[in-house]
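Asks: Throw the hints in and build the complete structure from the sequences for me.
Which chain is which? The protein sequence lines are A and B, in order.
My numbering puts the first residue of the first sequence at 244, with every later residue one more than the last.
My numbering puts the first residue of the second sequence at 6, with every later residue one more than the last.
Certain hints may be false.
Claimed, not checked - One side only, chain A facing chain B, incomplete, derived with CB under 10 Å:
1) Ile281
2) Lys298
3) Asn325
4) Glu332
Simulated from the structure, these hints should not be mistaken for lab results.
Glycine included, each C-beta is placed from N, C-alpha and C at the ideal position.
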Amino acid sequence: MLVRFNFPNTIDDLVENFLSRENLDYRMTSSAFPAFDIAEYENESVVMAELPGIKKEDLKITVENGWLTVSGERKPYEIPQNARVLLNEMRVREFNRSLELPHEVEANNISAELENGILRIHLPKSQTARPRTIEIK
Amino acid sequence: MGKNHQVALTRKGSTALMRPTEPAESFVTPIADVYETSEAFIVKLDLPGAAKDSININVEENRLSVKCAVQLVREGTPKLLFGEIRSKTYYREFVLGEGIDHYKTGASFDTGVLTITLPKSESMKAREIPIK
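Replies: Printed below as a string of structure tokens:
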């Protein structure tokens, strides 16, 4: 074998890796793929999702009955026939994850962009969900 | 890079060997794929949110290391409703065997995936020997 990897090679390493916070987080998010983040602004909410290796055309975003669903498929990359796989951790193929919308949205004005493996979905608030100040007469 | 690199080497991804006086820097290990062809070793790493310019690839003697800080930028000060994505520093290293042509190492970054190509040196390439 020409390449060796820095896998944890002692029990201590394993335990330390498992217990350290970043790895714990990492495990949690990989079991619920993709990792999500929702930030609420005055007139919209922005949902972010980590989707490395996924092309626009293999991604589907739907909004239905107050739920947002991001689903799709990570297509395997091309690999020459005679290649030998030495490490294969990119195992997520098909994914599907839903989130309850934080407020009513203007479904017709939802927009999304995918850049460097990060998906951003802009969910504009419906008129009723926007904050309003009521003037006292 | 010098000091951080050494810290990373002794830590091996854990905090076990860190002295308390050292600044705490925690890394996230990116998911990786590696395969070997007759011409090269190919390393792929998931680095979602990375900017091409912030990825640091270092080949030193028999070690390939990749480090990349990903800054989560939010406009203004929103109310955070759900947070699984954070600013972080990805770090991972690989020990390389002999027979890799370091100077011809190439890399590309697409859809949040970094691909590093480590070509084999001429003497290591598989060759079919014809029988005369």
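Asks: Each of the hints needs a verdict: does it hold here or not?
Replies: Status of each hint after checking the structure:
1. Ile281: Cβ of Ile281 of chain A sits 4 Å from chain B, so the hint holds.
2. Lys298: holds (6 Å)
3. Asn325: Because about 6 Å separates Asn325 of chain A from the closest Cβ in chain B, which is inside the 10 Å limit, the hint holds.
4. Glu332: holds (5 Å)
Every hint from the earlier list agrees with this structure, and none is contradicted.
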